Amino acid sequence: MTAMSMVQAIQSALDCTMEADPSVLVMGEDVGFFGGVFRCTEGLYEKYGAHRALDTPIAEGGIVAAAVGMGVNGLRPVVEMQFADYIYPAIDQIISELARLRHRSGGEFWAPVVIRAPCDGGIRGGQTHSQSPEGIFTHVCGLKTVMPSNPYDAKGLLISAIEDDDPVVFFEPKRIYNGPFYGHNEPSSGPNSWTKHPMGEVPNGHYTVPLGKANVLRRGGAVTVLAYGTMVHVADAAIENSGIDAELIDLRTLLPLDTEAIVESVRKTGRCVVVHEATRTSGFGAELVSEIQEECFWYLRAPIERVTGWDTPYPHAYEWEYFPGQARISAAMQRAIECD
Amino acid sequence: MTAMSMVQAIQSALDCTMEADPSVLVMGEDVGFFGGVFRCTEGLYEKYGAHRALDTPIAEGGIVAAAVGMGVNGLRPVVEMQFADYIYPAIDQIISELARLRHRSGGEFWAPVVIRAPCDGGIRGGQTHSQSPEGIFTHVCGLKTVMPSNPYDAKGLLISAIEDDDPVVFFEPKRIYNGPFYGHNEPSSGPNSWTKHPMGEVPNGHYTVPLGKANVLRRGGAVTVLAYGTMVHVADAAIENSGIDAELIDLRTLLPLDTEAIVESVRKTGRCVVVHEATRTSGFGAELVSEIQEECFWYLRAPIERVTGWDTPYPHAYEWEYFPGQARISAAMQRAIECD
Amino acid sequence: MKTSSPSRLFVPVASSRPGEVPDFSQLHIPEAKASPAKPEGVITAEETYDLALGLVRVLDDGGCAAGDWLPDLSVERLIEGLRHMMHVRAYDERMFRMQRQGQLSFYVKCTGEEAVAVAQAMALNPGDMLFPSYRQQGLLFVRGRSVVDMMCHCISNARDNLKGRQMPVFYSWKEGNFFSISGNLATQYSQAAGWAMASAYKGEEHIASAWVGDGSTAEADVHYAMLFAATYKAPVLLNVVNNQWAISTPQSFASTGTTFAARGIGYHIPSVRVDGNDFLAVYAVTEWAAERARQGHGPTFIEHFTYRAEGHSTSDNPAGYRAEDEARLWPLGDPIARLKQHLITLGAWDLDRHAALEAELADSVTRDWKEAIGYGSLESGPHWPVESMFEDVFKEMPPHLLKQRKQLESGS
Amino acid sequence: MKTSSPSRLFVPVASSRPGEVPDFSQLHIPEAKASPAKPEGVITAEETYDLALGLVRVLDDGGCAAGDWLPDLSVERLIEGLRHMMHVRAYDERMFRMQRQGQLSFYVKCTGEEAVAVAQAMALNPGDMLFPSYRQQGLLFVRGRSVVDMMCHCISNARDNLKGRQMPVFYSWKEGNFFSISGNLATQYSQAAGWAMASAYKGEEHIASAWVGDGSTAEADVHYAMLFAATYKAPVLLNVVNNQWAISTPQSFASTGTTFAARGIGYHIPSVRVDGNDFLAVYAVTEWAAERARQGHGPTFIEHFTYRAEGHSTSDNPAGYRAEDEARLWPLGDPIARLKQHLITLGAWDLDRHAALEAELADSVTRDWKEAIGYGSLESGPHWPVESMFEDVFKEMPPHLLKQRKQLESGS
Ligand SMILES: Cc1ncc(C[n+]2csc(CCOP(=O)(O)OP(=O)(O)O)c2C)c(N)n1
Ligand SMILES: Cc1ncc(C[n+]2csc(CCOP(=O)(O)OP(=O)(O)O)c2C)c(N)n1
Ligand SMILES: [Mg+2]
Ligand SMILES: [Mg+2]
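Chains as they are written, first to last, in full-length UniProt numbering: chain D, 1 to 340; chain G, 1 to 340; chain V, 1 to 412; chain R, 1 to 412.
Treat the hints with care, as some may be off.
[Claimed, not checked] Partial chain V-side listing against chain R, Cβ under 8 Å, derived:
| hint | residue |
| --- | --- |
| 1 | A45 |
| 2 | G62 |
| 3 | C64 |
| 4 | L227 |
[As the list claims (entries may be wrong)] Okay, the calculated bits of chain D under chain G, using three or more residues with CB under 8 Å as the criterion:
| hint | stretch |
| --- | --- |
| 5 | 99-106 |
| 6 | 205-214 |
| 7 | 233-239 |
Bear in mind the hints are in silico, worked out from the structure with no lab data behind them. Note that the structure is a prediction, hence the values are computed from the model and not measured. Just so you know, even glycine gets a beta-carbon here, dropped at the ideal spot from N, CA and C.
Produce the entire structure from the sequences given, and follow the hints as far as they go.
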């Protein structure tokens with residue numbers, strides 16, 4: 001076990017899989033010689049060579065297309081989008097091709113491509129370095145969508161994703177790339193290493209965290225809080241600081257969703273708050289709310305609340321006002337509990 | 001008033017606006033000389049010239065980009081995507097540029113572009129000529145999303161969209177392009193002209209149907225059914241044939257959503273069925289369910305049902321098994337009513 | 001809009017429209033003997049300038065073959081090529097008629113362009129991977145796919161290898177290294193570059209070959225393919241089938257007024273423009289390019305200059321947008337007629353044998369059709385079980401799809 | 001993966017990496033007097049072959065100007081150009097330092113590339129529309145934007161014309177016909193083609209000019225821009241600022257081994273490669289291209305051959321990926337030093353005046369900074385009211401945003 005940041009855990013996942021399987025390669029803008037603008041591919045170029053830590057032209061659509069072709073030809077490309085905000089030029093290849101290939105060819109062809117994309121705000125990146133487009137991908141049949149909240153899960157989930165024969169879009173919350181995030185609505189507060197964080201202790205070797213399984217992080221009876229990525233930490237802090245007896249579920253995989261774990265919890269608590277940083281309207285929270293109200297209707301004692309980013313582009317100056325912070329989560333939990 | 005198919009009504013909307021305003025032009029693949037593969041731009045080339053009924057290269061991303069530039073330079077381009085399935089190569093320009101321009105420039109620049117896209121199944125088009133991607137666009141702040149269900153609305157809404165200073169994605173359900181659809185799950189049943197359909201009588205001149213206003217098509221007290229596009233007809237037939245006292249709301253505009261009309265109805269009926277042809281998970285139905293359960297929780301007497309396309313690519317051979325037909329809608333209404 | 005100045009926007013026009021006399025005066029078709037020389041050894045993109053702006057031809061208008069592009073093909077191979085092209089045409093005729101009778105939802109002919117797919121497939125190795133568009137059915141004939149299987153796919157019956165999921169003509173045939181065709185134009189062009197990169201990555205000798213139409217070159221994926229193929233010297237043949245039309249839109253909306261092959265040079269890819277109706281020339285250029293790729297010299301960009309003699313598809317009526325006579329007057333003729341003439345000139349073929357072969361192939365596709373329809377029709381089945389639509393979305397069916405499948409089965 | 005053959009995948013390499021001696025041996029920089037001739041009259045793309053593969057230079061290494069590209073610029077205009085470039089550099093220095101002190105979230109310098117934006121803006125008309133990338137701040141200086149306003153934008157204070165929404169350097173200035181810069185590379189390149197098409201549509205004489213970096217040419221929007229501009233002969237200047245690097249990636253991952261200008265010819269666009277560090281050459285080429293566009297002869301594709309002398313941005317450390325000396329040894333020198341030398345050679349400038357101007361401009365940006373920060377800082381404000389973030393999403397605020405704004409205000 002080593003104390004790792006999420007960046008290091010991702011590096012380690014890539015290293016482990018590349019070492020074990022010569023068909024695994026990483027590719028993307030600045031991922032080769034330089035090791036990636038967020039350093040997630042550091043060291044791989046020296047260790048595995050230019051063709052396995054493959055620098056590419058700045059053409060997201062071309063990168064994914066090439067990865068699809070490579071996947072069809074027996075490789076397992078792990079593509080890095082420099083920012084999730086720049087995944088849109090590749091979306092036709094992702095939706096129309098990568099996600100559909102196995103089905104449309106009657107199972108003849110498929111491409112085991114993983115697309116890693118740093119998402120969310122947290123670096124004063126304004127509207128083009130802060131987006132959270134995960135919801136869109138959950139609407140696309142044929143894709144798996146994952147977002148880890150800590151180094152342990154990041155490595156275990158990424159290894160699962162690379163070994164999976166289906167395409168996976170793997171979102172990495174930048175805000176917690178380099179250390180834990182305790183949900184303070186201040187850019188620089190909180191400790192800045194994972195050393196004392198249980199999920200920051202990461203095995204050096206191979207292990208997996210299964211896709212499609214949520215993690216119940218806190219047990220509680222008063223209200224269920226569903227979150228993923230950074231928001232797990234914010235929700236955790238909100239629960240801690242509000243003293244509410246909440247059950248906190250880290251979804252880890254958005255699709256396929258661990259409906260079982262969610263339903264079990266909400267049937268028990270009768271109340272639910274759904275949290276994400278993405279914009280509200282038609283965000284993934286909407287799917288969660290719908291699924292829960294269908295499955296748990298007779299158990300619900302309060303409307304399910306959504307605490308999300310506002311329906312505006314991500315603003316440069318107001319990161320922390322845009323950000324769904326503890327106060328909003330606490331207020332939502334409170335409203336849920338007070339209902340009857 | 002003239003009896004028009006939806007195709008003719010759209011033609012007429014384009015003709016009216018082009019005649020009134022020299023800054024309006026139509027552009028897209030085969031829309032010029034030929035008049036469009038679905039004939040929606042027929043006659044405009046002869047009447048307004050090659051530069052206003054503008055044939056383009058087959059490059060959806062380039063078409064929208066050019067339209068954005070034209071919009072910034074004072075024109076009002078109405079872009080045709082040959083099929084909604086081919087909107088993805090343009091999605092970066094739509095999401096990152098068209099939708100964001102006004103906001104990111106502090107209101108300095110904006111582009112009043114309308115993007116028309118024939119959507120849904122109905123022509124045995126398989127997975128690449130049948131998709132319903134509207135849900136994705138409702139997740140994008142800065143875009144308006146519209147889908148008419150009949151010729152009268154199609155013309156009135158399209159004129160509103162063209163005259164609107166915000167970008168609008170305008171989905172046109174192919175299945176009802178050339179005549180009414182009475183919701184029979186058979187490809188060729190039902191009458192094939194709009195002559196006797198009230199909403200098929202269309203004024204020849206200028207009129208508008210406002211964006212953001214739903215249309216209550218049937219009054220009823222037992223259950224609210226929300227639908228848009230083709231599904232309005234299927235729901236209508238299901239209600240008619242099941243004899244259920246349902247209230248049917250045609251949303252017409254998905255964003256901005258007419259929440260008021262929806263909430264008023266569901267508070268009255270206490271039950272709701274949401275219908276769309278798009279795939280289920282994270283479809284626009286999820287947003288509707290979430291919004292309703294938030295606003296009407298204490299009025300709800302049954303879980304809100306979603307009747308949607310399956311979470312699979314649209315299959316060639318099984319159009320009518322994939323299609324959310326009357327039987328599924330009736331069953332959902334029945335379940336909703338029987339609950340208590 | 002304030003101004004009322006006349007528009008200065010240039011908009012390309014078609015060389016002919018309905019009611020007009022077809023006008024080929026812009027074409028500048030060089031004679032076969034004026035073909036640019038076949039390069040020897042390693043070549044740079046710049047050195048292919050004449051090849052990209054000229055036109056490689058082997059067969060002249062009289063059916064004689066000459067020049068340094070003349071491929072080394074036996075008479076037997078030539079007859080084989082002729083037979084494949086005629087088989088494709090017979091198949092197209094049959095399927096088109098069946099569509100008109102309501103047996104298929106859709107069909108696309110490749111009439112007039114048969115030489116491209118047939119000659120290219122014959123010049124490639126069976127292990128080479130094909131990424132076609134919807135108009136290269138000829139590839140399947142050369143690779144020996146069962147025509148009955150192709151038909152079963154087109155009518156989505158119980159023997160359709162694509163399980164009723166795809167439209168007609170969007171074939172997939174893994175066994176024959178024929179990639180699943182997408183309805184989205186050009187998306188596979190760039191994938192072919194990736195496939196070829198993987199082949200080099202693995203140190204293998206297989207190459208890839210990809211096709212798009214003239215109109216489709218406008219899509220981003222064609223740019224990506226050229227950029228990636230050139231950057232990584234990927235062993236891939238990037239073919240553009242310039243059949244002059246993209247549905248109703250002439251090639252001038254994609255060619256920017258020069259040849260398509262010229263665009264390849266801008267990406268530093270050796271590029272060739274070839275008479276696409278000349279079986280021998282297409283074969284020779286393909287053989288040459290494949291050899292380059294296999295030896296590690298990277299991609300070749302090939303423009304096949306041909307003509308779409310029929311409508312775009314069964315959904316189309318070309319009378320609405322092009323001069324009636326254009327196809328008949330196309331100055332580069334018909335690929336089958338030209339190879340036939342060549343074989344006759346060689347003394348290896350005659351009109352009787354030709355007529356006999358035509359009849360034999362027509363019979364053959366009729367028999368195949370009868371067999372295919374015996375396995376089920378589109379409207380009446382039998383099809384694959386409806387529930388099979390939930391399979392292959394993922395490798396293993398996740399819970400939400402299991403649930404939906406159950407709902408479908410229970411009709412709820 | 002079964003095979004263990006060695007990889008045959010070609011991957012481009014940088015000309016130098018840390019610890020290596022910079023190697024410019026591949027550059028082939030012609031002398032100024034070897035510049036390709038300036039074309040007279042209407043010209044086809046093919047006729048610009050030499051211009052696209054060569055390099056237009058006016059200033060030689062000693063600061064003398066000659067040749068038929070020599071623009072007709074008075075000494076006053078040259079000094080104006082020098083002043084703008086020095087002003088930009090002073091501004092960059094100051095802002096970079098302020099970023100290091102935590103006053104800006106991010107900053108991008110254009111050091112070494114000042115001639116591109118400054119000379120081009122001076123050669124264009126004020127009514128021409130600019131679609132820049134983030135490294136053409138020089139355009140704003142020439143067009144006379146208030147430096148204080150630029151700074152206020154960069155620190156998102158209450159006087160930021162973009163209301164705190166955009167990152168630093170993503171300027172927008174409608175009054176100066178300077179389009180809103182996007183964080184997404186190249187997206188505006190293709191919009192510029194559309195803007196220019198609209199200008200022609202309306203019969204107006206304004207032209208557009210757009211910029212991307214070498215790395216960004218790989219994006220689809222650059223392909224779209226070239227295709228649309230060429231197809232409709234749009235009056236637009238398509239500029240590629242080839243500063244050799246895209247963050248850590250050398251231009252060889254985008255250039256496919258030829259010049260960027262060569263790509264333009266493939267799209268049938270007259271194309272020129274110009275010494276981007278030569279103020280006079282950039283001015284001359286721009287003036288020529290703008291004139292062509294204004295006369296209805298369509299687009300020109302211009303590669304500015306220059307060098308990114310500093311890191312990519314404040315988020316970057318070039319020591320991690322390129323040889324330390326590369327910038328200093330760049331064989332085409334520094335644009336300010338070269339114009340300065342030229343003016344000295346002309347007897348119109350001297351070292352004292354230069355030093356004085358440098359000091360004056362440093363003072364000026366210091367004063368501007370003090371004023372700007374007086375209107376508010378990024379961290380402490382005052383900013384625009386937080387609720388203003390709900391404005392301009394749509395022209396009029398729809399109900400759901402009104403509701404969210406209320407929630408924000410009430411903290412719920
Ligand atoms: C991305 C995309 N856009 C549009 C279409 C609709 N479409 C199908 S075929 C076609 C014309 C293609 O012309 P070309 O590339 O010249 O090929 P050809 O049909 O002549 O073989 C168009 C526009 C599509 N299938 N995919
Ligand atoms: C669509 C998109 N992809 C990736 C990025 C991240 N990115 C920002 S700048 C840059 C390098 C651009 O290099 P170049 O075009 O050469 O311009 P330069 O910085 O050298 O001026 C990259 C990859 C982005 N902003 N947008
Ligand atoms: Mg064509
Ligand atoms: Mg650069």
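Hint-by-hint comparison with the structure:
Of the supplied interface hints, the one on A45 (chain V) holds, with its beta-carbon coming within about 7 Å of a beta-carbon of chain R, less than 8 Å. Nearest Cβ of chain R to the Cβ of G62 (chain V): about 32 Å, over the 8 Å cut. The hint is violated. Contact between C64 (chain V) and chain R, as hinted, is not supported at the beta carbon level, the nearest pair being about 32 Å apart and thus beyond 8 Å. Annotation: interface hint on L227 (chain V) holds; nearest CB of chain R at approximately 6 Å, less than 8 Å.
Beta-carbon proximity to chain G at under 8 Å applies to 3 residues in the stretch 99-106 of chain D; the threshold of 3 is reached and the given coverage holds. Given as covered by chain G, the stretch 205-214 of chain D fails the check, having 0 residues with a CB less than 8 Å from a CB of that chain where 3 are the minimum. Coverage of the stretch 233-239 of chain D by chain G is violated in this model, with 0 residues showing a Cβ closer than 8 Å to a Cβ of that chain against a need of three.
Hints 2, 3, 6 and 7, counting from the list given before, are not met by this structure.
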